[in-house]
Amino acid sequence: MPTSGLVITLSADAELAAQTRAMLMVRREFTVGERNDHWLPVAMEASDDAGSRDLHDWLHSLPGVEFVDVVYVNFDDDKYPPAAVDVRRLSQSDASQYEGENFLTTDAANKPGEP
Amino acid sequence: MNIDRRSFVKLSALAAASAVAATRAGAATLVKSTAPTGTDGITWDKAPCRFCGTGCHVRVGVKEGKVVAIQGDQLAEVNKGLLCVKGYHVGLALYGKDRLTTPLLRRNGKLEPISWSEAIETIAKRIMTAPDKFAIYGSGQWTIPEGYAANKLMKGGLSNNHIDPNARLCMASAVTGYLSTYGVDEPAGCYDDLDKCDVLIMWGNNMAEMHPVLFSRVIDRRSRGEKVTLIDIATRRTRTTEFSDHYLEFKPQSDLAIMNGIAHLLIKNGTYDAKFVERFCNFRQAPKDPTATPTAPLIGDAMTFDAYKAALELYTPEHVEKISGVPAEKIRFLGDLFGRKDIRITSVWCMGFNQHSRGTNANRLCHGIHLLSGHFGKPGDAPTSLTGQPSACGTAREVGTMCHFLPGGRLVANPEHRKESEKIWNLPEGRISPKIGHHTVLMFEKFCTPTEKGGDIGTIWVQVTNPGQSLPNLHKLFKAKKGLEDKFLIVSDVYETATTELADLVLPSAMWVEKNGMFGNSERRTQQWFKMVNPPGDARDDCWQTIAVAHKLFELGHPGLKDKDGRFLFTIKNDAGQEVPVWDWQHFYDLNVDKALFEEYRTFSRYKHKDLAPYDEYVKARGLRWPVVQQTNGSWRETKFRFSEFDDPYVKKGAEIQFYHSVTKDDKALIWFAPYEKAAEEPDAEYPFWLCTGRVLEHWHTGTMTMRIPQLQGAMPHAYVEMHPEDASERGFANGESIIVKTRRGEMKLPVWLNGRAKVPRGSLFIPFFDQRLLVNDITLGEVDPISKEPDYKKCAATVGKLSTADSLRSTSAEKRL
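Note that the protein sequences, when read in sequence, are chains A and B.
For the first sequence, this note's numbering begins at 1 and goes up steadily by one.
For the second sequence, this note's numbering begins at 1001 and goes up steadily by one.
In short, the hints are calculated from the structure, not lab data.
Heads up, a few of these hints could be off.
Beta-carbon label-pair distances, calculated as ranges [stated by the list, open to error]:
| id | chain 1 | residue 1 | chain 2 | residue 2 | range |
| --- | --- | --- | --- | --- | --- |
| 1 | B | 1242 | A | 37 | 19 to 29 Å |
| 2 | A | 37 | B | 1196 | 16 to 26 Å |
| 3 | A | 22 | B | 1731 | 46 to 56 Å |
| 4 | A | 22 | B | 1591 | 54 to 64 Å |
| 5 | A | 15 | B | 1224 | 17 to 27 Å |
| 6 | A | 22 | B | 1268 | 53 to 63 Å |
| 7 | A | 34 | B | 1619 | 28 to 38 Å |
Which bits of chain B does chain A cover? Going by a derived footprint, with three or more residues having C-beta under 8 Å, they are [what the hints assert, rightly or not]:
| id | segment |
| --- | --- |
| 8 | 1077 to 1084 |
| 9 | 1704 to 1714 |
We treat Cβ as the ideally placed atom computed from N, Cα and C, and that holds for glycine.
Construct the complete structure from the given sequences, taking the supplied hints into account.
What follows is the structure, encoded as structure tokens:
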């Protein structure tokens, strides 16, 4: 179960920032710490890597979130380090396998990554 | 209190985040310890991140001999507890499934396991057969002791200067820019400038993705209500543009004209800093005969202020607009900005200037506009290059692993410098060769040329880098090795790579916290860490590999491996004064070899006032910025701002600013005039697009580590070509469709990405180079800067076509793959 420590930079809009904090408080994946000015510390637990990415995407989509910085990652779990990529196998591929849908469905396609 | 492991981990994560949040809000200064300790079996230690040149420090959590957790180090001034997406996955770079674990020798076309003793003997015998045809190709990822050992073996042992680091491909133009401006390499300022500047100009530098932690540091200032203006001057829109107040898009190569335009306006408007220029600057232009001496291109020919002014007259805002595409009013805006005395301006750049067929000149002109305007020498007023590798500065540059350098900024061509180095290394006089070795591109060109046709490099030992993917024009400079039976390629690495595909001998290496190490980051900060876990299988330290080969040469009777008293060149003694056989792996960790090598190396650092402190000072610190000078109370003080009296102890009292390694020996810096010149290859009717290459946020350089980290590989799984939607539409390309991209060096097929993370202008293409399966360097140009010898990866001419028309593309092209 990947666990991260995040620092969320909240919007300068006080109402938006408060809403964001409230939204995080009700989700069981997040443990919310004490807000310090614009910065909100949280611990985030995800079921797996895909879940972790989904949670990051969700965070970035919140209007009250300006920035998400990761400061701590723990991968001390039975599943971690996860099955690493076998680059030799990938090397036998050619570009054609990445056409169309596969390429466009990666989460990198139309949005920025982590700061 | 009893808590379960899961709760404990969660609490640790929250504690770390809380500490960083408090620090950023100014509620706490750097926090000493945040995570709970003691109940989860994790032990923590410090190390700099393995990836880029920013030099973030991480806390590495180890449990049962494995790295299991990573935390940003709140004690580190560089990153103040933050990490980027690569940094917090750095621990996983150790655990790719296909780590190399045993030496492999190619027999009958196949790599087969051999013993370490056979591997070491094979290398030593290759060298003994033809020592002058042997070369080492190293890296800005070498630790400082690793680079120092390789440099000493080559220059002090084999009297052979054919050693060059991959920093030639990324930082060489910054080096020649600094040397020819200040007479000494590396930035005057540091990252503190980012905290103090009113204006940050990013010159062809996608800082938000390539140096995200530094970028966060600037964005944080805005969150605290400070005003800082960001200006992105670039050839494509990136994530950096999204955060910038101004975006100035210029045509490739025309940054030279823009900077001349700024200088033109400073003089025309009378807003240059006449007092600063008169006291601290001379003017220079390219020498009439650049071949007169090895250093002639760096010294140049003197020119008067009036001649400089006259040379700039051509660069009116309107003329610059014509060349660059940047509107004249924006050029005036920049000119006005530099003319203001009430603000502080920091310029940063990286590959946008350096990987440029006029990279040295781009660097010089940027320093020039800062000097001319007086935006220099105060916190927040600085021209500062950023680096891409963790020790491009610390090892490749400071240790002097380039083919013309000796450690500490000394030159092989200078008899005095050779003499001083021979003294430190206790060598007989005349041991070090005065002949400059082959720079990277020439080294590989010679290696890939048949011996009978002048290919005078027979064996290359590649350490900690991947030239089979990162060199330009790979067909000519790397793949042409295939079939040359007398050529021998040795590769020390942690994974199979594009380079090991052609290797004759592969050596499995330890990486990062599997060994002791020291790096030097972009801001002159030297960093240290200790070994924390064992490498897998029979992988061993690169430094040991070098010393083991050196000792085998000593045993075989190579005279260069003896010092002038007949002792082994790498004699290392313990506290009792007894020699420790560190060439024998069983004894390599009997003492700290890094410390022994570093203490010897740091004697070189005083020559150019790059003073390094004793090793033990770095054990205590999260890095120290040189010159690190001992105080009267015995403590060691780092220097943040070089050449400025208020901070640099080497500046004379009352001098205010002193360029004490001045090229002109008068304590003055040089302001160069360099004209705009066309790129080596520009778009034409047959190849109508500009092709630019570069990096992405998730992957580090050639992706050998980050492509093995599932989270990063999943986030950015393969390379692509960015294209403007209208260019794509005219050709009937759909988003994601695989197309052909072709240059005069070859062609490749890869998916097109429209309106993605970055946006290229019409007539431009961008392809990242991280993907081993889609090697953009098969088709890049490889034209080098005439002074730095750094290749231009940012500009060549290309065309595109549908896959179905590939055959017709081939038949109509005048050029075939080289």
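Checked hints:
1. Judged by the Cβ atoms, the range 19 to 29 Å given for residue 1242 (chain B) and residue 37 (chain A) holds: they are separated by roughly 23 Å.
2. Between residue 37 (chain A) and residue 1196 (chain B) the Cβ separation comes to about 21 Å, which falls inside the hinted range of 16 to 26 Å.
3. Roughly 50 Å separates the CB atoms of residue 22 (chain A) and residue 1731 (chain B), a value that falls within the hinted 46 to 56 Å.
4. For the pair residue 22 (chain A) and residue 1591 (chain B), the supplied restraint of 54 to 64 Å holds, since their beta-carbon distance comes to about 58 Å.
5. Between residue 15 (chain A) and residue 1224 (chain B), the C-beta spacing of about 20 Å keeps the proposed range 17 to 27 Å intact.
6. In this structure the supplied range 53 to 63 Å holds for residue 22 (chain A) paired with residue 1268 (chain B), their Cβ-Cβ distance being about 57 Å.
7. Between residue 34 (chain A) and residue 1619 (chain B) the CB atoms are about 34 Å apart, so this pair conforms to the stated range of 28 to 38 Å.
8. Three residues within the 8 Å Cβ limit are the bar, and the segment 1077 to 1084 of chain B against chain A gives 4, so the coverage statement holds.
9. Requiring three or more residues with a Cβ within less than 8 Å of a Cβ of chain A, the coverage given for the segment 1704 to 1714 of chain B holds, as 8 such residues are present.
Violated hints: none; the structure is consistent with every hint.
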